[in-house]
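A.B. asks: What follows is each chain in one-letter form.
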Amino acid sequence: MAKLTPQALLENVKDLGTLPDVYNRLTQVISKPTSSAAEIGEVVVEDPGLTARLLRLVNSAFYSFPRKIDTISRAVVIVGTSELRHLALATTVISMFNKVPKDLVDMQSFWRHSLSCGLFARELAMRRRETNTERYFVAGLLHDVGKLIFYMERGESSRSALERCKEKKETQFRSESKVFGFSHTQMGSALLKQWNLPVRLQQAVACHHNPLLAVEYPVEAATIHVADVIANAWQMGSSGERYVPPLAPDAWDALKLEPSMIGSVISYVERQFEETVDIVIMGQ
Amino acid sequence: MYENGFEMALIPTDKLESGMVLAADVNNRLGRLMLQAGTQIETKHIRILKAWGVTEVETEGEGKGDSEELDSAVLEQASDEVRDLFSHTDLEHPAVAELYRLKVKRVAERREAEAEDG
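Chains as they are written, first to last, in this note's numbering: chain A, 77 to 360; chain B, 144 to 261.
Fair warning: there could be bad hints in the mix.
Claimed, not checked - The list that follows gives simulated cross-link-like pairs (lysine-lysine, DSSO-like), each with its CA atoms no further than 30 Å apart:
hint, chain 1, residue 1, chain 2, residue 2
1, B, K193, A, K178
2, A, K79, A, K144
3, A, K178, A, K245
4, B, K158, A, K244
5, A, K245, A, K90
6, A, K178, A, K254
FYI, nobody ran anything at the bench for these hints, they're computed from the structure.
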């Protein structure tokens, strides 16, 4: 029997081959340097659901802007085009995964954990005074999608892996490696590659448990890694992991943050969490 | 005052002490960021804040008396529970230790709140 690969698993996955049309059209219009905020707005407005979610998000505690933003073209001007594209990706991806077996994972819980990781990653990046922090939000949100592929395509083996976790008191990514030969990190990054998402995003997902392997984008990987550690400790939802994954000291050092900041990072995320859940997860 | 489980206080600048941690960014009157949330206050910061006319800042409770207010049995139970959650981590690492401490405190606070309601 041929060794299982992430690509082989993806071959059979229906409905996940490409990202939704509106996102691809948005990417196209944004890639043209002459596109105006109004033109970009026009593409989004064709999808009322996406428009509503984006407007709610830009007006929420996610940003805490002093004035209300009423139109997408205004949001483009204030938030930025590539930032808006990241948010559009975040709010559309969730609706793509609707065939995951309920007995393997609670999807609400899965996305709550993923979203919390996204918010932690973004908050950590903001503490380091990074710009365009929305990409961290997306990376955090997508970091565990590989697990969903496992749950959908290899339900029985996924169940075995989860049993292993309980019996051997192992982390889930370790059990996955034993059962599948690779973990949700490689599975997830293969999916992101199929979607033609930036290498930066692929690497952040591929290396979030082994951040030292991220050659080109060490800071991205380190940020998602640390965000995931905090998210698992704070247990705002679960994607299947029952333990806090080990923290790689080099990844922590790469972020140049003080341990005393962790409390306030958590505080800021908690302030935004339920509202963001309501907009991004419930508003589907 | 508790917000999301973290004790926060509005402290007048002349009552600030080294070691306190800022709970919110401090901006000067021009709107420029002076000190970031999460900064641990040192003597030099207090001098700067006074020089810029900042009258009060938001700080986070740093365990001085917070954990003592929690029942020690509840804290111990919380500790045991959380230890299993953290069993794959190195509790000696300062960031992990801090995360562990915060989690134990949160679990203990929740237990106490549940006990009071129940």
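A.B. asks: Would the hint linking B:K193 and A:K178 be met if the CA-CA limit is 30 Å?
C.D. replies: violated, 58 Å
A.B. asks: Hinted pair, alpha-carbon criterion (30 Å max): B:K158, A:K244. Please report holds or violated.
C.D. replies: Cα-Cα ~52 Å, so violated.
A.B. asks: Taking 30 Å as the top limit, are the C-alpha atoms of A:K79 and A:K144 close enough?
C.D. replies: Violated, at roughly 54 Å.
A.B. asks: Does A:K90 sit within 30 Å of A:K245, going by the straight-line distance between their CA atoms?
C.D. replies: violated, 34 Å
A.B. asks: Measure nothing beyond the straight line between the CA atoms of A:K178 and A:K254; if it is 30 Å or shorter, mark the hint as holding.
C.D. replies: holds, 23 Å
A.B. asks: Holds or violated: are the alpha carbons of A:K178 and A:K245 at most 30 Å from each other?
C.D. replies: Judged against 30 Å, a Cα distance of about 23 Å means the pair holds.
Violation of the numbered hints given earlier is confined to hints 1, 2, 4 and 5; the remaining hints are satisfied by the structure.
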